[in-house]
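In the order they appear, the protein sequences are chains A and B.
As numbered in our numbering, residues 1 to 697 make up the first sequence, in order.
As numbered in our numbering, residues 1001 to 1381 make up the second sequence, in order.
Hints listed in this document are in silico derivations from the structure and should not be mistaken for laboratory results.
Ideal placement from N, C-alpha and C gives every residue a C-beta, glycine not left out.
Any given hint could turn out to be false.
Unchecked claim - Reference excerpt, derived from the structure (chain B facing chain A, CB under 10 Å, subset only): (1) 1105; (2) 1110; (3) 1125; (4) 1128; (5) 1129; (6) 1132; (7) 1135; (8) 1150; (9) 1151; (10) 1156; (11) 1168; (12) 1175; (13) 1209.
As the list claims (entries may be wrong) - Calculated pairs, DSS-like style, for lysine-lysine (alpha carbon to alpha carbon, straight line, at most 30 Å): (14) 1367/B / 145/A; (15) 287/A / 1115/B; (16) 162/A / 1088/B; (17) 153/A / 59/A; (18) 1332/B / 411/A.
Here's the letter readout for the chains.
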Amino acid sequence: MPDFLFEIGLEEIPARMIAPAQMELARRVQDVLTRERLLEAGSEVHSYSTPRRLAVLVKSVAIAQSDTEELLTGPSWNIAFKNGEPTPAAQAFAKKAGVELSALQKITTPKGEYVSATAQRKGRSATEILAEQLPKELAALYWPKNMYWRPGKPERFVRPVKWLVALLDHAIVPVEFAGVRAANITYGHRILHGSESVTIEHAADYLGQLEAAHVTADVELRRHRIRKALDAAVRSVAGARWREDHPLVDTVTHLTEWPAVILGSFEPEYLTLPEEVLVMVMRDHQKYFAVEDASHKLAPYFLTVLNTQPEEHGDEIIRHGNERVLRARFNDARFFWDVDQKIPLTARVEMLKSVTFQKDLGSYHDKTAATLRIAEKLAGILSEKGARIDTGALLEATKLAKADLTAELVKEFTELQGIVGGLYARAQGLGESVAQAIYWQYSPAGIEDPIPPTAEGQLLGIADRFQTISAMFGIGLEPTGSKDPFGLRRAANGIVKILAESGLPLTLWDLTEAAPRGPATAEKIPAFFRERVEFYLRDVRGFAYDVVNAVLAAGHNDIRDAIARAEALSAVRGADDFIAIAAAFKRMKNILRQAQEKNLLQSEPNYDDSSLTDLAEINLRTRAGQVGKDFHILQRTHKYREALELIATLRPDVDQFFDKVMVMVEDEAIRNARLALILRVQRAFSSIADFSEIVTA
Amino acid sequence: MPSSLPGSGNWRLTVKSPETLPTESNVSSTITSSTVHERTQPLTFQQLLFRLQTFWADRGCVLQQPYDVEVGAGTMSPDTFLRVLGPKPVNIAYAQPSRRPADGRYGENPNRLYKHTQFQVILKPPPSDIQEVYLASLEAVGIDLSEHDIKFEEDNWESPTLGAWGIGWQVMLDGLEVTQFTYFQQCGGLDLDPISGEITYGLERLAAFLQDVDSIYDIVWAREPKTGREITYGEIRLEEELQFSVYNFEAAEVEKLWEHLRLYEAECQALITSYNDSFSPKIEKQGERKEKIHDRVVHDGDAPGAGGNEDEGFGAQQRRFPVLGAYDLCLKCSHLFNLLDARGAISVTERVGVIARIRALAVGVAKAYAGQQNQLLASSS
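Extracted from the complex, chain A is given alone in its bound form (with noise of 0.2 Å):
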């Protein structure tokens, strides 16, 4: 069976979308041919890509499709077949699948008796079916951004479509997109091949063809080249390492067909400016990876990933031309820094006036008084529980927490809002909590991230977004569907992960008592929060979703005890006995509820104990009286695990009284007795976890 290639040449791809599209035109090609039946179950297929191409090779493809045979049912016998002559209802059907009318059969169905027919289908050929399918299957790749080339606008795509190769094996398949033929031609590196073309003599040879021509076309062999190479560049210095980036290694990766490592350096005085911004600069500006020395602080180089091979000492010149542009960089970062100091922080606030943070909301400056109010309470809050916070560094930081946005180099690199401000503070004498609790109020942009270092930088980072999102809540500007233009749901994971990971006693109904109060802080935020919560335990803790739910159902205010009892179920929800348990507490919420539903259930039951006559029931309401003493002693001592296990030992109470027991009984004094009982049972039970939500199948 022969091999498939199938190669897009394209006007260079940006980077950051080339990953994703291999995969789905790789998955594509994988439909097409499965759909068609001319893949067998596990047949390789492998995907390429470079800056100008993405390619799929698939291994072992049908030639065509095998023949078929189908059995079609006609119209009813009776019809078809008038005296056993043939009528046109007959003569039309077997027309319709293809066989003569002496090749109509009789079948039986429970319907009565009808014409059937064996129709053979004819495979179709590979190359038919490629060529027609493959042009619909480009057309619909999805990228972010796409453009018109052609006169008359007969297609969008990333960029221009160069060529086309689809080879089986050494034949071509006429594939056609964008005016463009597929042949067996393709090219090589622009600079170190040329213009010249490659020809592709069998799908087979792809790869190698490639390689000889300066193109590495396997991505991960080509990271892993790149990865080799940085270390040998770095090695020219004793003791020096690079710093690890994987994104960048991942966009490096995506923009080189032919990767190199030149190692370059700059005058050490530069560093002199803060590590932060002469990271920034190597990387986001220059895609260059900083190098540390062996005590991982950064080293006067950096190291450049070229797509080229330079000529013997042709690194000379392009290391040269690079440093000169770091340098250039590294000046106007400097220009920046100098200017921005001659008016400190102090000063800047007043400026922040002119800075809007939200049209109907006013501008930084009155955020920033805004947040102030928010932080000044929640200062309050936390001195009455006790906890020691420097409430004087935490107003300053918050008073100056926005000031850096009218700074030039903040202007210039807007990635390093905050961290600036952190480094002017410091450089400014403003104390080293106020300067820390700047730096960090970022912090944690994405999941991942650390959680500020000190109390008053985590704070600082609570009030800030606490108070963007019941401001922006307060405008009706909250986040809907995709849509969160804000970022208000990652300001609110930003807040539930400090909750989560500091030792701030601090509730979410903390939060929404130092705010300002509003309908949509009464209603909306807590359920918004709820998510967030929910989002945090499940796919940052990765607890599974059923305990999530069991464990948010009996609240989500303190995020800190909801890890807690979050573990503490995950710990128990194996065992046996539990699992019988929240088996019995899901009987019980769905007896409540339809005797809710007939509305049987009083709102305040009378828990009338006198009605209860059953020895299975007396049992399980002295069990559960005696249970559930220790069971809140335990609870508010936050031994959730002791409290969990403890339930469990009702399991045979439990087990009894639905073997005995029938709840649901005429007797109304009897079955209200009853669903009081399971009502108190349940009550007093769920307050770590609602079992019911526990999934147990």
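Since chain A is already given, all that's left is putting chain B on it; use the hints.
Coordinates of chain B only, in the frame set by chain A:
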């Protein structure tokens, strides 16, 4: 520091002698005799411009002179902004001094200028080998690509003020952005068909790279042929950078700037309104239409082109309508906005509003120009 590392001493780029330029099938390099003497030295600033002009003229571009109204970029010259509209093919190239008041640094920053020079190429529709031709242009200015690292990195261009955007790359040469390469998709709020390829070289950067100087002001602008005396960029332009920085940041009178902006905006808007009232397809009554043209533009009933039958007269009226004049006024507004911005006179809230006002002008002009082109096309066919 390891001894194996090269110092950052004087490293001169190897400049290919013109005779050895590759002659690829799609690139017919033309070498002028004047270049023979430049073999050992990198191009001067003006030679760089000559080379680019010659290169693109040889590939069928009309060489235009820089536009004489202040612009922030070569894109804003009517030779780009207006010519990319409509179906008519265009190949044009020109240098464009581009003023960005906020970028001024009093001549003190070696990398930033209030006014830099762009070399702008517009190819409509773009040839399918546009990237290869572009790379050949780098060879033509003395860059041996086999000795350098070149990458096309995603960089899409957008100008909210012009209602324009495109898809493209920044071209990185040894880590330096030397060119912005854009496939124009929309301009003046209008979808383009055919699209245009736009190649914008930053001449100062490119010259500093070629000559390997760290400061723009050290770029050799020209070399006296007889004495070999070098005239630097600083000699030609430093004074201008200093004085315009002072003007832009300190001296320009904010109130006057606002007033100028209002005046130019009003006149531009009045012209657009007049055009729309006269030629917008919505207006049915020809009598009313004609009257308005007379009110605003045509003061003399005997104006050339106004004669003939009604239709012809109408077409001629549309053709002579000064849309180009309106565009100059729009450019004035854009520059005044930049000046006000440099003076720090525009608050963030105002900013959005002023941008929207200028955008309305640019879009209005673009629509009028496109309408005019359609009229021209219709009358010539």
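Hint-by-hint comparison with the structure:
1. 1105: This hint holds: residue 1105/B lies near chain A, its Cβ roughly 8 Å from the closest one there, short of 10 Å.
2. 1110: Where the cut-off is 10 Å and the nearest Cβ of chain A is about 7 Å from residue 1110/B, the hint holds.
3. 1125: Interface hint status for residue 1125/B: holds (5 Å vs cutoff 10 Å).
4. 1128: This hint holds: residue 1128/B lies near chain A, its Cβ roughly 7 Å from the closest one there, short of 10 Å.
5. 1129: The hint holds - residue 1129/B has a Cβ within 10 Å of chain A, the shortest such distance being about 8 Å.
6. 1132: At about 6 Å, which falls below the 10 Å cut-off, the nearest Cβ of chain A leaves the hint on residue 1132/B intact, so it holds.
7. 1135: holds, 7 Å
8. 1150: Constraint on residue 1150/B satisfied, holds at 7 Å.
9. 1151: Given a least distance of 5 Å, the restraint on residue 1151/B holds.
10. 1156: holds, 7 Å
11. 1168: holds, 9 Å
12. 1175: Holds: closest Cβ of chain A sits about 4 Å from residue 1175/B, inside 10 Å.
13. 1209: This hint holds: residue 1209/B lies near chain A, its Cβ roughly 7 Å from the closest one there, short of 10 Å.
14. 1367/B / 145/A: With a Cα-Cα distance of about 26 Å, the restraint between residue 1367/B and residue 145/A holds, given a limit of 30 Å.
15. 287/A / 1115/B: It holds: about 28 Å lies between the C-alpha atoms, which stays within 30 Å.
16. 162/A / 1088/B: holds, 25 Å
17. 153/A / 59/A: At roughly 36 Å apart (the allowed maximum being 30 Å), residue 59/A and residue 153/A break the hint.
18. 1332/B / 411/A: holds, 26 Å
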